[in-house]
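**Student:** Going line by line, the protein sequences match chains B and Y. The opening position of the first sequence corresponds to residue 14 in my numbering, with each subsequent residue numbered one higher. The opening position of the second sequence corresponds to residue 2 in my numbering, with each subsequent residue numbered one higher.
Calculated from the structure, these hints are not laboratory results. You can trust all of the hints, since none of them are fake.
Restricting the straight-line Cα-Cα distance to at most 25 Å, the calculated cross-link-like pairs of lysine to aspartate or glutamate (DMTMM-like) are:
(1) B/165 with B/126
(2) B/343 with Y/218
(3) B/330 with Y/217
(4) B/353 with Y/218
To give an idea of the chain Y side of the interface with chain B (calculated C-beta under 8 Å), a few residues:
(5) 212
(6) 216
(7) 219
(8) 222
(9) 224
(10) 226
Calculated Cβ distances over 12 Å to all of chain Y for the following chain B residues:
(11) 87
(12) 132
(13) 145
(14) 165
(15) 191
(16) 465
By construction, the Cβ of each residue, glycine as well, lies at the ideal position given by its N, Cα and C atoms.
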Amino acid sequence: MPPTDEVARPELVRASGMSISFGGVPVVDDVDLVLHPGEVVALLGENGAGKSSLMKMLAGVYVADQGTIVVDDKEVAVDSVRRARECGITMIHQELNLVDNLSIAENIALGREPRRGAKALGVVDRRESLRQAAVALREIGSHLDPKYQVGKLSLAQQQIVEIAKALAQDNVRVLLMDEPTSSLPEEQASDLVDLILRLRDTGLAIVVTTHRIPEAFSVADRIVVMRDGSKVAEYDAHDSSVTRDSIVNAMIGRELTALFPDKRTKIGPPVLEVTGMSGGFVEDVDLTVREGEIFGLGGLVGAGRTEFARLLFGCDKRTSGRVVIDGAEKRIRGPRDAVKAGMGFIPEDRKREGLVLGLDIEENYSLPNLPEWSRFGVLSLRSLSRRAQSAIASYRVRSRSSRQLVRTLSGGNQQKVVLAKWMATPKRLLILDEPTRGVDVGARQEIYRAIDEIAASGVGVLLISSDMEELIGLSDRIGVMADGRLQGVLNHEQATQARIFELASKLEEVL
Amino acid sequence: MTTQKIAAPKGPAFDRTPRSVRSLASSLFALPSSGAVVSVLIVSTFLTFASPQFLTVDNLTLVARSFSFIAIAAMGQFVVILTRGIDISAGSVIGLAGIVTAMLSSAGVPVLLALLGGLVSAMLVGLLNGWLIAAFGLVSFMVTLGMLNVVRGLDVALTRGFPITGIDESIKELGQGFTLGLPNPVWIMVILAAIMWWVMTRTVYGRQLYAIGGNDEAARLSGVRVRMITASAYVLSALFAGIAGILLTARLGVAEANIGFGYELDIIAAAVIGGTSFFGGIGSVVGVIWGAALLGIVRNGMALLGVDSYWQQIVIGAVIIIAVIIDRLRTRNAH
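Isolated chain B, as found in the complex (with noise of 0.2 Å):
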C-alpha cells in the first residue's frame, strides 16, 4: 500500500509479503515495503517489532521465509549480501563493523583493496586505496584523514567512516541504516541527519530505523510503523495532519491493562535513597524508592539508566554519591557489598551477566546464595537440590527437573530463574534491568505477577524498561533519565506515553 500521492514516482526497491520467523516465533509477518529513489523512509517501532530483521531480509543477511523482492520490476532472489550488493542494496548496522586498528583508508578498502604489480603477489596499492577513500570522505562532506586509526574516532566520525565506506563500493542505491544516531549525542545526530538529507538528495532510497519520533520527522518523507512483525502504520512525513501521538498510538497499539497486575496500594517508608550519584556519564543523580514501589526508570536506549543501575550496584566505580538502605548509609564497593547490604540484581544481558549458562538451574539459582546455604563452606546437595525445587514450583520455571541447563530453557524460564535465584533470600532493593526483554507475552505476564509479588512483599524494586507499556503498567512513580541525568520524576497519574516521550527525548525537541 504505497502512499496515494507518491503513486506517480518510479519504485526502485518493492518488497512484498515478508516473512520470516525464529524458531517457530514470527518475527516478521507479511511486510510490504516500497522504496523510491531520492526518499527516505523512517521504520519506527519499540524494541522487537521486527525493524531490524525487515532490513536484514532486504540486505541478504537473512533469507526470507517468504515474500519476493523486486528490484527495477525484476524480481530477484536475495538470498546473500552478496547478491544484495549486486543489486546495489547496502546496509550499515547498528553495531559497527569497523576494523579499529586500521585505518580508516584500509578500513573502506578492507576485501577489495587495490593491487599493485603482478596480481597474483596480492601487495595492496597504498597510494591508490589512500586516493580512493579520501574521494569517498569528500563525497560525503568528510574531512577526516585517511591515514588516521579508525579506533581513535569518536563513534560519529566511525559512523561517516561506515557510511563512506559503503557508499565506496559500485553502485549503491539503497543504503539501509539501523540505528545510526541511537548511540550519538544531540549535535552529532543532526549533523547526521543533514548528511542522510543530502545523500538522499543525490537519488538514494535510504531506510532509516530509529525510535526517536522526533528525528523521524525531520530526516524522514515517509514513516512506516511496525509493531510485533507487522506494518501497522503508514505515513506521508510532510503531512501536517500526522502527529506525534498518532504515531505513538500506532507503536503500541495494546491493550495496556489485561497483561499487568492492579497497582499495590502499601507503600512504605523508603528503602534506597540515592543522592549525587555521578561516575561514567551518569551526572548527579537523586532518587528515593519505597518500600513496596515499583520505581520505573525510563529513557532511551544510551540515556545512562543502565549505567546507573551499574554504579549503584558497585560494578562500576562511581565518582561521587551516597547510598542509602533503610536509613543507614551503605558503603558500596562491589557487587559483593552491594549484596551484603540486601540489594539484588537482575542485569539487561541476561545470557551475558545473569547467568551461567553451562551450570544447571539448581546450580545457577544457588549461586549468590551459597555462603548462607552452606556449613563451614560446606554443601548439602540434597537441601539445595529441595530448595531449587521449591523455587522452579513457586516461580513456575517449565523445566524437566533441577538439574537441566540454563540454556536449555527459553528467555522467559531463563529470566524466571534469574528472579528465582536473587530472591531466595531477603533482599530490600531488586533492580531489575529490562526484566522482559526477548520473553514471549506469555512468560511476560508470569514474570510481572513475580516482580509484583516481590513489591507487594515489601521490597523495594528499581525497574529499568525500555518497553512503554511495561513501564507504565508496573511502576507506581517513573524518573525519566536522558544525558545521564535524570530529567523529571512523574507520579502514575502524571506518566503518560507522552509525557515520558517528551521527557526523555527533550534533547531532540530542540532540533
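Using the hints, position chain Y against chain B.
**Tutor:** Relative to chain B, chain Y alone:
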C-alpha cells in the same frame, strides 16, 4: 554402564536425566571425560591382546605409579584451566618443591618440616602467579611462562647442578614404598582425588570455581570474589605440583635441578584429555585421573611393544591433538 557409574557424580555441568538409549549414548559423549574413559578401555583391550605382559599386576602397578605424579599435578592444573587460565610453570615447581625438601632433609631438618618447606616454597610461587594474574589482569600464559623460567633458574641455582643426596629414608618411603600392595604415590593420588572431588562438588569454593569458569561476570554480579578465587586456583596448582615434585624426588631418591623438566606439557595434556575445557567451567577431577592414565598406558604399551622412542613422542602428540578436537566437538553446541 561402568563408565556411566564412574562418571556420573563428577560433572555438575552434566544433565543426569537421559531418557532413552540414544540420549544415553549422546550424554555419554557429552560427558567431559568420555574421550579419556573410552580411549583407556580401547587401548587397554588392545594391549591385553598385543602384549602378554600388559595385563599383569606387576605391570599395572608400575603404570599406576608412573602416571600418579602427572595425575596429582594435573588435578591442580585442572582447577586453573577451569577458570580459563593455564599454569605453564608447573614443571619447574615440581623441581623446586623436590629440591627444597631434599635440601632441608639432607641438612637434618625433621621430616615434616622438610615436607612443609617444599610445599610452602611451591605455594609461594603459586601465590605470586595468582596475584599477578588476578590483581593486574595479566595473561596467565605469559605470567606462568615467565615463572617457568624464573623457577627453573632457581632450581639450578639452589642445586648448583649437583644432585642432592642424603634424603631421609621416611621421605624416600613416600615415593618408593608400598602399602597394601599398592605403591604409596598411587594411594596419595587416590586420596587427593577423593578430597578434590569433594571440594569441587560439595563446597561453596568448588561451586564458585565452576561459576567463574562458566561466566565470570555473572559470578561477580552474584557477589562471588572472582579475583580472590582465581588467584587461589594458581596456589592450588602449585601446591599439587609441589606434592608431585616431592613424591617424584622421593621416588628417585635424589634431587636434581632438572626434575620435572617438561612435565608441564603432560600435566596440561592430562587435564585436557580428561575433559577439562579450555573454554572454562567444564571438567572433573575424576576425568583428569583418566586423562593421566591414558597417557601412562599409551607410554607403557609402546614400551612393551618395543616402539621407538621417537614414535612414542609422535603418538603422544597425536593423542593430545585428538583430545583437543574432542573438546571442541563436545563444546560446540555450547558456544
